[in-house]
Amino acid sequence: MAQSTQEILEGLAEIVNEETGIDTGSVELDKSFTDDLDIDSLSMMTIVVNAEEKFNVRIPDDEVKNLKTVRDAVDFIAAAQG
Amino acid sequence: MSSSDIRVVVTGLGATTPVGGTVPETWEAILAGRSGARTMDFDWVAKYELPVTFAAQIHTPPDQVLAKVETRRLDPSSQYALIAAREAWADAGAPELDPERLAVAVGSGIGGVWTLLSQWDTLREKGPRRVYPLSVPMLMPNGPSAAISLELGARAGAHTPVSACASGAEGMGYAVQMIRSGRADVVVAGGTEAAIHPMPIAGFAAMQALSTRNDDPAAASRPYDKDRDGFVLGEGAAIIVLESEAHARARGAKIYAELAGVGMSADAYHITAPEPEGAGASRAMLEAVSTAGGTLRDVVHINAHATSTPVGDVAETNAIRRAFGDLADSIPVSATKSMTGHLLGAAGALEAIFTILALHHRLAPASINLDTMDPQISLDVVHGSHRQLPAGDLLALDNSFGFGGHNVALAFRTV
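Residue numbers (our numbering), protein chains in the order written: chain A, 1001 to 1082; chain B, 939 to 1353.
Heads up, some of the hints might be wrong.
Unchecked claim - Restraint ranges, calculated between C-beta atoms of paired labels, are given here:
1) B:GLY1091 to A:GLY1021: 16 to 24 Å
2) A:ASP1040 to B:LEU1265: 53 to 61 Å
3) B:ASP1153 to A:SER1026: 35 to 43 Å
4) B:ALA1140 to A:ASP1023: 39 to 47 Å
5) B:ALA970 to A:GLU1063: 58 to 66 Å
6) A:ASP1072 to B:ILE1193: 35 to 43 Å
7) A:ASP1023 to B:VAL1069: 25 to 33 Å
8) A:SER1026 to B:PRO962: 31 to 39 Å
9) A:ASP1023 to B:ASP1154: 44 to 52 Å
10) B:ASP981 to A:GLY1025: 49 to 57 Å
As the list claims (entries may be wrong) - For lysine-lysine, the following DSSO-like pairs were computed, each having C-alpha atoms within a straight-line distance of at most 27 Å:
11) A:LYS1068 to B:LYS1192
12) A:LYS1054 to A:LYS1031
13) A:LYS1031 to B:LYS1064
14) A:LYS1054 to A:LYS1068
15) A:LYS1054 to B:LYS1064
16) B:LYS1006 to B:LYS1064
17) B:LYS1064 to A:LYS1065
18) A:LYS1065 to A:LYS1031
19) B:LYS1006 to A:LYS1054
20) A:LYS1054 to A:LYS1065
Stated by the list, open to error - Here are some chain A residues pointing at chain B (derived, C-beta under 7 Å):
21) THR1020
22) ILE1039
23) THR1046
24) VAL1048
25) GLY1082
In short, the hints are calculated from the structure, not lab data.
Since the model is a prediction, treat every value here as computed from it, not as a measurement.
Just so you know, even glycine gets a beta-carbon here, dropped at the ideal spot from N, CA and C.
Whole structure, please, built from the sequences with the hints as guidance.
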């Protein structure tokens, strides 16, 4: 079942916090994963895989490079949930 | 200044062990004679029907000390090492120095066995995509020294001696060589181990190395007792800050002791059994004393390897006799594994800390569980009550031996 943007954002923030220790409140839609949140590619892969499980979606590896901001990820997950 | 003129001193201590979360807690437990061994409450003990149901587990779980992201990204062996290194570094006064003069030498016997095997489980159950991207740097045995190097910004080198249960002592020996050869002024050195996992337990049990005294874990580690039946698996880390004396004096550091001599040898006899006459181990002890510039008569205390295995304790006795002859009649020997269990790659480092503190406080700690001395043991084993060490300039030895025939002896001197 599709979740709201806010629900996905909160879930994603929890995953980011779990992997990197970044405060959930800092995970905002307009933040860039690399430039603002300083998340490296290894952590990003873990976040993606954990997001797949949490949101029951599939995020192909070649799609990950397009997920530059938190909003990109939230939108992708929302669309994938259909 | 020639390399032999450079004296190496101990300026900081850190440990997380089965009997305490810090060095002061651990030493207090040792002086109180407390065992860290207890029945394991993991569900895998019954699931795999392990023949040994107890171990000396870490006293203070790392998630009580570290940030969540640290426990997630580091194997337990690196977590313990980081905790111990932080304590040692703070205890040394967090010296400020050129990062290219600061090094790390922290060994491990087994490395990231928890990560290796849990990620193997993940691969089989969930597929390759779920294998944690940091699993390789987490499982590599140099993970702990790398984590400390990153933490402290140590750029003179980060090294990982691997010599089974001699690894921690070898780390300290390597540190002495680094300082004496001019490669570093300060080295954070020691050992770490986190192998309380069903596979290593099953492996050690299969070779009949472990005590099976399941009904009385606290009495299971009993070095030199005639009823000993094997070692008790422990875990944790012990790390010290070693420093050239000139560097330590210049910054007014507190100095616990000098790490004055190092002896190393290999048995080339058997992959696991100690050479029964103790030739290799005695050579390591003699080399430690001679490189310390001392004589056998200067040695007033030995913290023995003494794992509580039937064969090993006798072989070490023979080695001490071979090295010291009749002098061994009156050298107080402590067997602290009776309380801590056997921390494998961290054991020699933890016992180095006990040796340092024994000299610092001039007190050899009593071993526990020595109820009836094995008649094959002809040593002055401290038990019942602690032994006061004399005044004056003293040497004490820390012995460590590892599967593979590795022998390391460290000679510490009072300051």
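Subject >> Unmet hints by their number, sorted upward, for this structure >> reply: 3, 6, 10, 11, 13, 22, 24 and 25
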